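Asks: Sequence:
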Amino acid sequence: MFERILVPTDRSDPARRALEQAADLATRYDATLTALHVVDTRELDGGSGVDERTAAARAELDDALDELAVDPTPEGVVRAGIPNEEILDYADDAGMDLIVMGTHGRTGVRRYLLGSVAEKVVRLSDVPVLNVHPAEVDVGSVPYERILVPTDGSDRASVAVDCATDLATTYGAELHTVSVVDTGAMAPDVQFDVIMDQLQNRARTAVETVAETAREAGVEDTQTAVLEGRAHDAIRSYADDERIDLIVMGTHGRSGLDRYLLGSVAEKLVRTASVPVLTVRMPEE
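Using the UniProt record's numbering, read the sequence shown as starting at 1 and increasing by one per residue.
Do not take every clue at face value.
Claimed, not checked - List time: in silico SDA-like cross-link candidates among lysine to any residue, alpha-carbon distance up to 25 Å: (1) Lys120 - Ser12; (2) Lys120 - Arg4; (3) Lys120 - Asn201; (4) Lys120 - Thr34; (5) Lys120 - Asp71; (6) Lys120 - Gly76; (7) Lys120 - Leu227; (8) Lys120 - Gln200; (9) Lys120 - Ala80; (10) Lys120 - Glu216; (11) Lys120 - Glu3; (12) Lys120 - Ser274; (13) Lys120 - Ala69; (14) Lys120 - Met282; (15) Lys120 - Asp93; (16) Lys120 - Arg230; (17) Lys120 - Arg156; (18) Lys120 - Glu20; (19) Lys120 - Arg42.
In case anyone wonders, no lab produced these hints; they're calculated from the structure.
Remember, predicted model here, so these are calculated numbers, not experimental data.
With the sequences and hints as input, model every part of the structure.
Replies: In structure tokens, the structure reads:
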């Protein structure tokens with residue numbers, strides 16, 4: 001599934017964690033691994049200092065790859081520009097099929113502010129993006145032992161399910177699949193109980209279908225659950241309770257201005273989950 005993996009790095013703790021997980025994935029998938037350092041030209045005074053910063057970034061990147069001690073040694077690339085744009089352009093030009101990124105842990109209102117490089121890449125990337133948080137010391141480590149894939153039962157969700165199933169097979173991991181009945185989005189209704197029964201039945205069918213597909217693909221251990229509540233909160237709580245190591249989540253296929261807008265369940269999980277979140281873009285409807 002993954003043949004060419006890109007990991008942007010800046011020598012921060014989140015980036016080092018991302019590089020470690022990218023290296024493990026590259027080893028298991030026999031994939032090539034490229035580390036990309038982008039010198040942010042917005043931090044420079046005009047064009048001055050680009051050569052010096054680029055040379056320093058090259059030395060730091062070489063040191064990081066030497067410390068990684070994997071064989072073969074990943075390729076290192078240094079570019080100058082706006083980080084999210086350079087990452088996406090390089091991934092497209094080089095035919096990458098996975099981006100692994102470190103995201104900075106934030107609390108309070110800062111968790112909901114727009115602007116991080118990782119969030120922009122998640123929103124705009126056409127290839128899967130694995131987001132790794134700096135807090136993941138005892139959780140979310142590799143090898144992945146428990147993988148979670150939420151589903152809504154739609155055909156579009158099958159892209160994330162296929163990716164999660166492949167990862168579970170590769171890692172020999174448990175595959176957990178959940179479907180959330182979003183009670184927060186429901187208005188009071190005289191037929192509330194009937195509607196809830198229908199939604200729960202649909203959710204049970206969705207997770208059982210995923211579990212059966214996974215078993216047919218060779219996943220030996222599957223777990224299913226139907227949850228209630230706000231989707232991102234319910235998924236995050238389940239991941240914490242079940243000691244999930246990786247969440248694989250579909251993002252809606254969007255184009256134009258819609259791809260820049262904030263608010264999907266996947267993006268909220270990228271900001272708030274305590275474990276890595278792999279986002280897979282669903283086909284546009």
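Asks: Can the restraint linking Lys120 and Leu227 be considered satisfied, given a maximum Cα separation of 25 Å?
Replies: Roughly 29 Å between the alpha carbons, so the hint for Lys120 and Leu227 is violated.
Asks: Quickly compare the C-alpha distance for Lys120 and Ala69 to 25 Å and report which way the hint goes.
Replies: violated, 30 Å
Asks: Given the hinted pair Lys120 and Gln200, is their Cα-Cα distance within 25 Å?
Replies: Violated - the C-alpha atoms of Gln200 and Lys120 are around 34 Å apart, more than 25 Å.
Asks: Going straight from one Cα to the other, do Lys120 and Thr34 come out at no more than 25 Å?
Replies: At roughly 20 Å apart (the allowed maximum being 25 Å), Thr34 and Lys120 satisfy the hint.
Asks: Next pair to validate is Lys120 with Glu3; report whether the Cα-Cα distance is within 25 Å.
Replies: holds, 23 Å
Asks: For the pair supplied as a hint, Lys120 and Ser12, is the alpha-carbon distance within the 25 Å limit?
Replies: Judged against 25 Å, a Cα distance of about 18 Å means the pair holds.
Asks: For the pair supplied as a hint, Lys120 and Asn201, is the alpha-carbon distance within the 25 Å limit?
Replies: Answer violated: Lys120 to Asn201 is near 36 Å, above 25 Å.
Asks: Are the Cα atoms of Lys120 and Ser274 separated by 25 Å or less?
Replies: Holds, at about 19 Å.
Asks: Against the 25 Å threshold, does the CA-CA distance of Lys120 and Arg4 hold or violate the hint?
Replies: holds, 21 Å
Asks: Starting from Lys120, check that the Cα of Asp93 is at most 25 Å away, please.
Replies: holds, 18 Å
Asks: Check whether the Cα positions of Lys120 and Arg156 lie no farther apart than 25 Å.
Replies: With a Cα-Cα distance of about 22 Å, the restraint between Lys120 and Arg156 holds, given a limit of 25 Å.
Asks: Decide if the proposed pair is consistent with the structure: Lys120 and Asp71, CA atoms, cutoff 25 Å inclusive.
Replies: violated, 31 Å
Hints 3, 5, 7, 8, 10 and 13 from the earlier list are contradicted by this structure; the remaining hints agree with it.
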